[in-house]
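Model the placement of chain P on the given structure of chain A, informed by the hints.
Protein chains: 2
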Amino acid sequence: MEFGIQFFPDVGPDLIPADQYWSEALDLTELCEGLGFTHTRTVEHYFHHYGGYSANPLLFLASAAQRTKTMRLVTGAILPIFNNPLKIAAEIGEVDALSGGRLEVGFARAFLPHEFRVFGRSLDESRARFNEGMEQVRRLLEEENVSSDGEFHSFQNVTSLPRPTQKPRPPFWVATSSSLETFVAAGQGGHGVMTIPRKPELTREWLTTYRQNWKDAGHVGNGRVMYATHMYCAPTTEQARNEAGPHLEQYFKALGEATKDWMEVTSKDYPNHPAMVTEATTRSIKEMMEGNAIWVGSPEHIIECIETYQAGVGAIDSASIQANFHTLSLDQASASLRLFAEHVMPRFI
Amino acid sequence: MEFGIQFFPDVGPDLIPADQYWSEALDLTELCEGLGFTHTRTVEHYFHHYGGYSANPLLFLASAAQRTKTMRLVTGAILPIFNNPLKIAAEIGEVDALSGGRLEVGFARAFLPHEFRVFGRSLDESRARFNEGMEQVRRLLEEENVSSDGEFHSFQNVTSLPRPTQKPRPPFWVATSSSLETFVAAGQGGHGVMTIPRKPELTREWLTTYRQNWKDAGHVGNGRVMYATHMYCAPTTEQARNEAGPHLEQYFKALGEATKDWMEVTSKDYPNHPAMVTEATTRSIKEMMEGNAIWVGSPEHIIECIETYQAGVGAIDSASIQANFHTLSLDQASASLRLFAEHVMPRFI
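Same order as they appear, the protein sequences are chains A and P. One point on numbering: in the numbering used here, the residue at position 158 of the first sequence is 158, and numbering is uninterrupted. Heads up: take any position in the second sequence, counting from 1, add 349, and you land on the numbering used here.
Same shape as in the complex, but just chain A (with noise of 0.2 Å):
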């Protein structure tokens, strides 16, 4: 198993101004790539203070590029529906240039109603969109010359620049949270898949169908998942609850406030996400905490919890870890690092 860094900003400028914000993350990748810590990670997000600090995750992973030497960067994710298939091939070229063929790109439909709403875009158009982008940038980076069709960009005879360092492209990953359809087609295109915390026995499910399908696909190998979770990792568990558990409350509000929509609307592509968001808003931070999702306590509490949801969910390959969620400061984010780096991960790598 694997362990990365992952950063998904839920402060405003009343709380801590951006630069703040990438100069700490930018610190702390630096930390864990010394720390044994094998990739950072980021967000694409918009016009709120849930996510909206990484409006482009090549971005940072750009600057972060220039502070490791061997870190893999990971956009997760990058959303098709919101960007030209055209303009993304050519970024995911550069930063693979940029970082030394570092590079690995996931991607994602997308989650948040008012994105939709700013930029135009019908929530029912999310799957075909994606569908579609993620197939052009796909060819784009494999292949020159390529024309393309589609219901929403159309080209004709592009050979992208710059060519990806990595033959034949970077690898991709695909984000999903609820969607047994996602799960299938990233196995079948022998894509890696990024998950969050949800009931066990439903990932498990998800990841049974998935793996099944890569090795259908013919993939060589047992597909590639990664999680995303909270962490914070403290001498005692009552320690690490007492400090981490407000800022858990504060992140779990923001995400709250960012998918309140969900309340008011409905899609045909988003069937699951009402109940989803119910699911995430209502259940309590202890409840997380007891169910193994979110990794908060003492070294020893921790290795139990990963060794459980583990065991519960049928194994991951890769964990990307929230360590400065909401308004932790960067001493605590990097005292909570080091212990986990020390203690637990070397139980598991």
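It is worth saying that the hints were derived from the structure and are not from the lab. Predicted model, so just to flag it, every value in this text is computed and none were measured. Hints may be right or wrong, so weigh each one.
Unchecked claim - With beta-carbon atoms standing in for the labels, derived distance ranges:
#1 A:Ser154 x P:Glu484: 41 to 49 Å
#2 A:Lys69 x P:Thr627: 21 to 29 Å
#3 A:Phe348 x P:Asn480: 22 to 30 Å
#4 P:Ala477 x A:Asp14: 34 to 42 Å
#5 P:Ala477 x A:Asn145: 28 to 36 Å
#6 A:Leu15 x P:Ile698: 40 to 48 Å
#7 P:Ser372 x A:Phe348: 31 to 39 Å
Idealized CB from N, CA, C, for every residue including glycine.
Frame of chain A; chain P shown alone:
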């Protein structure tokens, strides 16, 4: 007078792979900061080896931010016509944060017909899309809760994130090569202007108009003019011309190939471009060197070039140096920049 370094890639994967190109660009940027250069800059272009390695200038600048401490990071330039203003504004905020407030943003109308063709944009919409896009980006950076009902993009009640680190926003520049109208608008708007080698008497006329409009609009100072050109410095002028000459030839050959469509297309928004392209692709390197528009020679010769050029056009504030054009090696470009910094720059700063 200030000096910066500019990267305008004009090679494809057959000559220099993109990872090598950008690695050398970052090395040269770091070198130049140590030598007293005050900015680094790059372009936005697509699908052709003339510029295509730099699809999003903010990506290189996000990397360069981590290799420098004080340098200004300059887009030269962002092209609103191929981008959504909501995304441009957010990305500007993010790179301003990642650099601790060191971003400066040049905008341009674009000028390569093949880019318009692939993106499905009309050349005749160039000015309208530029004006609307740049104004929407300005408002999204300076204001909160912005609504705009545009011809090309509309949005309601948007607060762009991250808010810029520099208040009210990073300085703006407008890149223009041949349009009096653009010089007038830049002066009125209080923006800097970015120019390229043209006949000195033309440039003088435009800059005079620009500075007059700057003053008439009540802006403090005398405007800001950045001039981008090629430079190669060697112990003797003969050596400099011998070493740089073939690379200059190839650079202008690439420019000629990328602009050859202007022989066949016309646009009301580009009345001067067919003639300008003919001028650019038929004048000889020798003619350009002798006209002092590009700076190739011994330190003494380059000092003369700059003094003569300055006298001809009526003073520029900042020179943005292209030092590694075509396949000039990192060692050659570094030696040229060191010699320039040691013997030429002290005469002007």
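Next on the checklist: Check the structure against each numbered hint from earlier and tell me which ones fail, lowest number first.
Outcome noted: Per hint list: 1, 2 and 3 violated.
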